[in-house]
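Could you build all of it, start to finish, from the sequences and the hints given here?
So the sequences go chain by chain: A, B and C. Under the numbering used here, the first residue of the first sequence carries the number 1, and numbering increases by one thereafter. Under the numbering used here, the first residue of the second sequence carries the number 1, and numbering increases by one thereafter. Under the numbering used here, the first residue of the third sequence carries the number 1, and numbering increases by one thereafter.
Mixed in with the good hints, there may be bad ones.
Said to hold, decoys possible - With beta-carbon atoms standing in for the labels, derived distance ranges: (1) B:185 x C:243: 47 to 55 Å; (2) A:210 x C:182: 33 to 41 Å; (3) C:182 x A:205: 34 to 42 Å; (4) B:208 x C:262: 47 to 55 Å; (5) B:201 x C:5: 31 to 39 Å; (6) A:82 x C:5: 35 to 43 Å; (7) A:207 x B:152: 34 to 42 Å; (8) B:303 x A:284: 37 to 45 Å.
Claimed, not checked - Mimicking DMTMM-like on lysine to aspartate or glutamate, the simulated pairs with C-alpha atoms at most 20 Å apart in a straight line are: (9) B:114 x A:278; (10) B:48 x A:158; (11) B:75 x B:89; (12) B:184 x A:28; (13) B:114 x B:361; (14) B:75 x B:44; (15) B:411 x B:305; (16) B:138 x A:278; (17) B:138 x A:158; (18) B:138 x B:424; (19) B:114 x A:145.
Worth flagging that the hints you see were computed from the coordinates, not collected in a lab. We treat Cβ as the ideally placed atom computed from N, Cα and C, and that holds for glycine.
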Amino acid sequence: MENSRKSSLVLHIGVLALLFLLSFILSDYHQLTITRIMVLAIFALGYNILFGYVGLLSLGHAMFFACGLYAAGLPVYYLGWEVPSAFLFAIVISAFSATLIGAIALRTQGVAFMIVTLMFSQVAYLATLYFSDITGGDEGLVLPEHARSFAILGMQVDLTSPQTRYYITLGLLSASVLIVYRWVNGGPGREWVAVRENELRTRMLGYNTFLIKLKAMVISGTLSGGAGATYGLLFAYIGSTFASIQYSIDVLLFTLLGGAGTVLGPILGSFIMFYMIDFFSGYTTAYLLATGVVLILLIVYFPLGVLGTLRKKWRLWLP
Amino acid sequence: MSYTPDKMTDKDKRKSLRKLAGAAGIAMTAQFSPALTGHVLGSDRPIKVGMQLHRTGIGASYGRWYERVAVATVKLINEEGGINGRPVELVIEDDGTDPRRGAEVIEKFATQHKTDVAYGTLFSHVVIGSSPRAGELKLPYYVVSEGYHVASGSLNRYVFQPGITDVRSQIASMAPWIATNLGKKITMIFPDYAFGHDHRNYFSIAIAEQGGKVLEMIPVPPTESSFTRYFPRIPRETEVLYHVLVGPGVLTFVKEMGQFFGTRDRPRIFGYIDSLEAVDFATPQLEFLQGTHFWEAFPRYAQPDQTRHDQYFRHQVGVDQNGASVSDSRDISAYSHMFGCWETLFIIKQAMETCGYSGPEDRQALIEATESLTGFAESRNHPQGSKVFNGKIHQCFGIQHISRVEDSRLKVVHTTSIEDGLYEPEADYTQMAL
Amino acid sequence: MGLGPFLLLASLEGLVQAAVLSLSALGLCLVFGVLRVVNVAHGEFHMVGAVIAWSVSHVLFGHPLLGFLVALFVAPLLVGLIAFTADRVILRKINHNPEATIVATIGMLYVIQQSVLIGFGPDARAMEPPFYFHINFPWFGYSGYKLSVILMAAALLLMVWHVLSRTRLGLIMRATQLDREMAQVFGIPVGWVYGLVFAAGAMLAALGAVLMAPIRQVHYLMGLDPLLMSFIVVIIGGLGSIRGALLAALVIGMSDGIISMFFSPTLAKMISTLLVALVLIFKPEGLFGLRKS
Numbered sequence: 001m002e003n004s005r006k007s008s009l010v011l012h013i014g015v016l017a018l019l020f021l022l023s024f025i026l027s028d029y030h031q032l033t034i035t036r037i038m039v040l041a042i043f044a045l046g047y048n049i050l051f052g053y054v055g056l057l058s059l060g061h062a063m064f065f066a067c068g069l070y071a072a073g074l075p076v077y078y079l080g081w082e083v084p085s086a087f088l089f090a091i092v093i094s095a096f097s098a099t100l101i102g103a104i105a106l107r108t109q110g111v112a113f114m115i116v117t118l119m120f121s122q123v124a125y126l127a128t129l130y131f132s133d134i135t136g137g138d139e140g141l142v143l144p145e146h147a148r149s150f151a152i153l154g155m156q157v158d159l160t161s162p163q164t165r166y167y168i169t170l171g172l173l174s175a176s177v178l179i180v181y182r183w184v185n186g187g188p189g190r191e192w193v194a195v196r197e198n199e200l201r202t203r204m205l206g207y208n209t210f211l212i213k214l215k216a217m218v219i220s221g222t223l224s225g226g227a228g229a230t231y232g233l234l235f236a237y238i239g240s241t242f243a244s245i246q247y248s249i250d251v252l253l254f255t256l257l258g259g260a261g262t263v264l265g266p267i268l269g270s271f272i273m274f275y276m277i278d279f280f281s282g283y284t285t286a287y288l289l290a291t292g293v294v295l296i297l298l299i300v301y302f303p304l305g306v307l308g309t310l311r312k313k314w315r316l317w318l319p
Numbered sequence: 001m002s003y004t005p006d007k008m009t010d011k012d013k014r015k016s017l018r019k020l021a022g023a024a025g026i027a028m029t030a031q032f033s034p035a036l037t038g039h040v041l042g043s044d045r046p047i048k049v050g051m052q053l054h055r056t057g058i059g060a061s062y063g064r065w066y067e068r069v070a071v072a073t074v075k076l077i078n079e080e081g082g083i084n085g086r087p088v089e090l091v092i093e094d095d096g097t098d099p100r101r102g103a104e105v106i107e108k109f110a111t112q113h114k115t116d117v118a119y120g121t122l123f124s125h126v127v128i129g130s131s132p133r134a135g136e137l138k139l140p141y142y143v144v145s146e147g148y149h150v151a152s153g154s155l156n157r158y159v160f161q162p163g164i165t166d167v168r169s170q171i172a173s174m175a176p177w178i179a180t181n182l183g184k185k186i187t188m189i190f191p192d193y194a195f196g197h198d199h200r201n202y203f204s205i206a207i208a209e210q211g212g213k214v215l216e217m218i219p220v221p222p223t224e225s226s227f228t229r230y231f232p233r234i235p236r237e238t239e240v241l242y243h244v245l246v247g248p249g250v251l252t253f254v255k256e257m258g259q260f261f262g263t264r265d266r267p268r269i270f271g272y273i274d275s276l277e278a279v280d281f282a283t284p285q286l287e288f289l290q291g292t293h294f295w296e297a298f299p300r301y302a303q304p305d306q307t308r309h310d311q312y313f314r315h316q317v318g319v320d321q322n323g324a325s326v327s328d329s330r331d332i333s334a335y336s337h338m339f340g341c342w343e344t345l346f347i348i349k350q351a352m353e354t355c356g357y358s359g360p361e362d363r364q365a366l367i368e369a370t371e372s373l374t375g376f377a378e379s380r381n382h383p384q385g386s387k388v389f390n391g392k393i394h395q396c397f398g399i400q401h402i403s404r405v406e407d408s409r410l411k412v413v414h415t416t417s418i419e420d421g422l423y424e425p426e427a428d429y430t431q432m433a434l
Numbered sequence: 001m002g003l004g005p006f007l008l009l010a011s012l013e014g015l016v017q018a019a020v021l022s023l024s025a026l027g028l029c030l031v032f033g034v035l036r037v038v039n040v041a042h043g044e045f046h047m048v049g050a051v052i053a054w055s056v057s058h059v060l061f062g063h064p065l066l067g068f069l070v071a072l073f074v075a076p077l078l079v080g081l082i083a084f085t086a087d088r089v090i091l092r093k094i095n096h097n098p099e100a101t102i103v104a105t106i107g108m109l110y111v112i113q114q115s116v117l118i119g120f121g122p123d124a125r126a127m128e129p130p131f132y133f134h135i136n137f138p139w140f141g142y143s144g145y146k147l148s149v150i151l152m153a154a155a156l157l158l159m160v161w162h163v164l165s166r167t168r169l170g171l172i173m174r175a176t177q178l179d180r181e182m183a184q185v186f187g188i189p190v191g192w193v194y195g196l197v198f199a200a201g202a203m204l205a206a207l208g209a210v211l212m213a214p215i216r217q218v219h220y221l222m223g224l225d226p227l228l229m230s231f232i233v234v235i236i237g238g239l240g241s242i243r244g245a246l247l248a249a250l251v252i253g254m255s256d257g258i259i260s261m262f263f264s265p266t267l268a269k270m271i272s273t274l275l276v277a278l279v280l281i282f283k284p285e286g287l288f289g290l291r292k293s
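So, in C-alpha cells, the structure goes:
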C-alpha cells in the first residue's frame with residue numbers, strides 16, 4: 001500500500017514534469033494547443049470530482065466555466081482591474097455560485113440532477129445573450145491592452161508571450177492536480193466515494209451526505225470557474241460561446257474518455273479528444289461527429305475510460 | 001483625402017506595378033546580397049493566404065460563395081504569374097461562424113500553417129473576436145465584413161478592410177435618398193449583434209441629419225427562426241420599414257413579413273439585400289416585395305449598362321446574369337458581398353508587390369504598404385467600382401446602389417457617389433506601434 | 001396595434017407552436033413513460049424529419065401538396081427506422097440504464113446532426129407549403145397553412161390517442177409501462193416493445209417536423225429548440241403522463257407565444273427554463289401530473 005502510493009505520487013509528478021520538459025521542444029502551434037488543453041484539463045479535473053468521485057453527472061458545468069470567465073473578464077474590461085485581482089475575484093464568485101446552485105440542485109439526483117443542471121446552465125447561457133449590453137453577447141468582449149501584462153512579486157509578466165502562458169497554465173494545472181490528489185486520497189475522497197457507492201448507508205452511518213455532496217460541488221465549481229477565468233485572461237476574450245451546452249458536454253467527454261474517478265484521467269481525456277478533433281477538423285467540417293462516435297463507443301464498451309479500464313485490468317494503483 | 005481616378009488601363013497598370021516590384025526586388029538584392037541564395041531557393045515556395053471561412057454556422061450561405069470566389073481569384077492570380085513570381089496557396093479553415101473558433105483559426109494560421117496573411121472573414125462578431133489574436137501574433141488580417149469595427153479604430157493595426165465599404169458609409173450615402181423618396185418616419189428591424197448595431201447607431205444619425213426620425217428599433221437575435229411576433233411592434237404611423245437581417249432564418253423572416261402585412265396598407269419597405277442574400281426573388285410568397293427597395297453593393301441581376309468587368313467577374317466565379325450559379329439556377333450567390341473577396345485578394349497582391357514582400361519577416365512592410373494605398377480604379381481587379389482607400393482607418397469607400405423589385409428582379413434606380421459615403425475619420429491606426 | 005388584435009395574433013402563434021410541440025413532446029413523453037429514459041437526441045429526430053420532408057418535396061416535381069403528403073408518410077417511417085436501429089444497436093447494450101442512456105443519446109445527437117451536416121449541407125432551406133392562402137384580418141394578415149397546421153396536428157393526436165388506448169399495440173405498450181417483469185411473464189417481447197416505443201417517439205417528433213417544415217426553414221441545427229421545449233413540456237406535465245404532457249404543451253405553447261410578444265423571446269425562454277428547473281426540484285411529479293410518482 002505504502003509502496004503503491006509512492007509510485008502513484010511519482011507518476012503524477014512525472015506527468016507534470018514531462019509537460020514542463022515538453023515546453024522546450026514543442027513547436028509554436030503545439031505549445032499553444034497544449035496551453036489550451038491544460039486549461040480545459042483543469043476544468044475536467046474539477047468536473048471529475050463531482051462525476052468521478054461523488055457519482056453526480058452534471059450536464060451544466062459550462063455555467064461554472066463561464067461564471068469564472070465573466071467574473072474575471074468583466075471587472076478587467078469595465079473597472080480596469082489588474083489580472084491577479086480579477087483572477088482571485090473570479091475564484092470567489094465561482095465558489096459562491098457553486099454553493100448557491102449546489103444547495104438547490106442537490107435536492108435532486110440521477111436523471112433529475114442531470115436535467116436540472118442542464119437547464120440552469122441554459123439559463124446562464126441565455127442570460128449572457130440577454131444582457132448583451134454588458135457581456136457583449138455572442139460577439140463577446142476583447143480584454144483591453146492593460147490586461148495583457150501584470151506585475152507580481154516585482155516581476156513583470158507578459159501574457160502575450162506563448163511561453164509565459166504555457167508556464168502559468170502548467171503551474172495552475174500542477175497546483176490543481178496536487179490539491180485534487182491530496183483530497184481524493186484523504187478523508188474527503190473516502191466520504192465522496194462512500195456517497196457514490198451507497199448514499200443511503202453513508203447517511204445511516206451518521207454522515208450528512210448533503211453536506212458532503214455540497215462540498216464536492218463547491219470544489220468542482222470553483223476549479224471549473226478557475227479554469228474559465230484562466231482561459232479568459234490568458235486569451236483576452238470572453239463571449240457567450242463558453243457558456244453553451246457544448247462546453248458542458250466536452251468536459252463530460254474528456255472525463256469519460258480518460259477515466260472518471262482517476263486524477264489523471266480527465267487530463268489524458270482532454271489531450272486525446274482535443275487532438276482528435278483538431279485532426280478531424282482537417283478533413284471534415286463535421287468534426288463534432290467524432291465527439292458523438294466517441295461518446296457512444298465509450299458508454300457502450302468502455303464506461304470506465306482509458307485509465308479506468310487499465311486500472312481494472314491490471315489492478316493498477318491509480319487513485 | 002484626395003483621389004484622382006486612374007487613367008491607366010489595367011494592362012498598363014499591371015505592367016507598371018510589375019516594373020515597380022522588379023525594381024524593389026533589385027534594390028533588395030543589392031542591399032541583402034548575402035541573403036540572396038536563401039531568397040532564390042525559397043522563391044517557388046508559395047505565398048500562403050489563410051482564409052477564415054464560415055463553412056458552417058449561421059454564415060454558411062455566404063461562406064459557400066466566399067470560398068468559390070476566393071478559389072477563382074487565386075486561380076486567376078496564379079495563371080498570371082502569382083505574386084512576386086511566387087504562386088499563391090489558399091489555406092482554408094472553417095470558423096463555424098463562431099468568434100471563439102475564429103480566434104483559434106487565426107492562431108492556427110500564424111503558428112501551424114504559417115500563412116503570410118489571414119483573409120476573408122464576414123461576420124462582424126468573428127472579426128471582433130479574431131482581431132486581437134491577429135494583432136498579437138502580428139499576422140496581417142484582411143477582412144471582407146462590411147462592419148464599421150475596422151474603421152472605428154476599435155481593432156488594431158493588423159486588420160484591414162480594403163475591399164468592401166463599411167456599413168456606416170453605405171448608410172450615410174443612402175439616407176438622403178430614403179428620406180426624399182420613401183419617407184422620414186422609420187422603423188428598423190436589425191440583427192441583435194455588432195453588424196446590426198452599426199445599422200442602429202449610424203442610420204439613426206444619418207436619417208436625423210435628413211430631418212427624419214426612427215420611431216422604433218426592433219432587434220432580432222441572428223439565430224431566431226420565427227419572426228411574426230416581432231412585427232406587431234411596428235408603429236402604425238411608420239412610413240418606411242427598414243429591414244436588415246442575417247442568419248439561417250432570413251427567408252422565413254421576409255415571408256412572415258409579407259404574411260403579416262397581407263394586402264392591407266403597409267409602410268414602404270427598404271431592405272438591405274442581406275435579408276435576401278443568396279435567396280431567389282422568385283420564391284413563392286415573396287410577390288409582396290414588388291415595388292419595394294433594396295440596398296445592393298453590386299447589382300445581382302446584370303443591368304442594361306453592365307460593365308465588361310462585371311461580365312468578366314461573373315464568368316470567372318461562375319455566376320449567370322441573374323446572379324445564380326451557372327451550374328444550378330436555384331443556387332443564388334451572395335453577390336453584394338463576395339466581390340469583396342475578389343478585390344481584397346488583388347489588393348493583397350498589389351500591396352505585396354509594392355513592398356517586394358518575400359516572407360513573414362516582411363509583414364510589417366506589408367502593413368505599411370497597404371496603408372500607403374489611396375484608392376483603386378474601376379477595373380477587372382475592382383469590378384464593383386472605383387474606391388477611395390483611407391490608410392489611417394484601413395477602410396475603403398465605394399459606390400452603392402438602390403434597387404427596386406420589378407417582376408421578381410432587382411432594377412437599379414439610384415447609384416450613390418463615393419463622396420456621398422465619406423465621413424470624418426475617428427481613428428488613426430498608423431499611430432499604433434507595429 | 002390595439003391589445004385585442006395583439007392578443008389574437010399572439011394566440012394564433014401560440015396555438016401553432018402548441019400544435020407542433022404537442023406531437024414532439026408526446027413522443028418524448030411516451031419514451032420516458034415506457035422505457036424510463038430521457039432521449040436527448042429527440043430534437044435531432046425532429047430535424048431529420050424536416051430534412052427528409054424537404055428532400056422528398058425537392059425530389060418530387062409537381063404540386064407541393066404531393067411532396068407534402070408523401071413526406072407525411074416517408075419521414076416518420078425513415079426516422080422510426082433510424083431510431084429503432086439506434087435502440088437495438090446502442091441502447092439495448094446498456095440495458096436502458098437511465099444515466100448511460102442520456103450520455104449515449106447525447107452521442108447520437110452529435111452523430112445525427114453532423115451526418116446531416118455532411119449530407120444536407122449547412123444551409124437553411126425553405127420548403128414550399130402544400131397549399132397557401134392568405135387570411136386577412138382587419139389588423140394583420142396570417143398564413144392559411146399555419147392555421148391548418150393546428151387542425152392537422154389535432155387530427156394526428158387523435159389518431160395516436162386511438163392507437164394507444166384502443167388497439168392491441170397500445171395495450172402491450174401500457175402493460176410494459178406498468179410492469180416490465182409481469183409483461184415479460186405474459187410473453188410480451190419487452191426488448192422489441194422498447195425498440196418500437198423508442199421508434200414511435202421519434203416518429204412523432206418527425207411528424208411534427210413535417211408540419212413545421214413549410215413554416216420555418218430546414219436547417220441542421222434546428223433540433224435544439226424543440227428538444228428544450230419538449231423537455232419543458234414533459235417535466236411540467238409530470239414525467240411520463242401523456243394527458244399531462246398534452247395539457248402542458250397547450251399551456252406552454254400558448255404562454256410562450258404570448259409572453260414572447262410582450263417581452264424579448266430570450267427573456268421568455270430564460271424565465272420558462274428557470275421555472276421548469278424549479279418545478280423539477282420542488283414538485284417533481286409535475287404541475288399537471290395525474291399520476292403521483
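Okay, the hints, checked on the actual structure:
1. B:185 x C:243: 47 to 55 Å: 51 Å, holds
2. A:210 x C:182: 33 to 41 Å: 36 Å, holds
3. C:182 x A:205: 34 to 42 Å: Given range 34 to 42 Å: holds, Cβ gap about 36 Å.
4. B:208 x C:262: 47 to 55 Å: Given about 29 Å between the Cβ atoms, the range is violated.
5. B:201 x C:5: 31 to 39 Å: With a Cβ separation near 32 Å, residue 201 of chain B and residue 5 of chain C satisfy 31 to 39 Å, so the hint holds.
6. A:82 x C:5: 35 to 43 Å: 56 Å, violated
7. A:207 x B:152: 34 to 42 Å: 59 Å, violated
8. B:303 x A:284: 37 to 45 Å: 40 Å, holds
9. B:114 x A:278: Holds: residue 114 of chain B and residue 278 of chain A sit about 17 Å apart, inside 20 Å.
10. B:48 x A:158: 29 Å, violated
11. B:75 x B:89: 9 Å, holds
12. B:184 x A:28: Between residue 184 of chain B and residue 28 of chain A the Cα gap is close to 56 Å, so the pair fails against 20 Å, i.e. violated.
13. B:114 x B:361: Holds, because 12 Å separates the two Cα atoms, which is no more than 20 Å.
14. B:75 x B:44: Holds. Residue 75 of chain B to residue 44 of chain B sits at ~16 Å (cutoff 20 Å).
15. B:411 x B:305: 11 Å, holds
16. B:138 x A:278: Between residue 138 of chain B and residue 278 of chain A the Cα gap is close to 23 Å, so the pair fails against 20 Å, i.e. violated.
17. B:138 x A:158: 16 Å, holds
18. B:138 x B:424: Given pair residue 138 of chain B, residue 424 of chain B is violated - Cα atoms ~28 Å apart, limit 20 Å.
19. B:114 x A:145: 25 Å, violated
Violated hints for the displayed structure, listed by number in ascending order: 4, 6, 7, 10, 12, 16, 18, 19.
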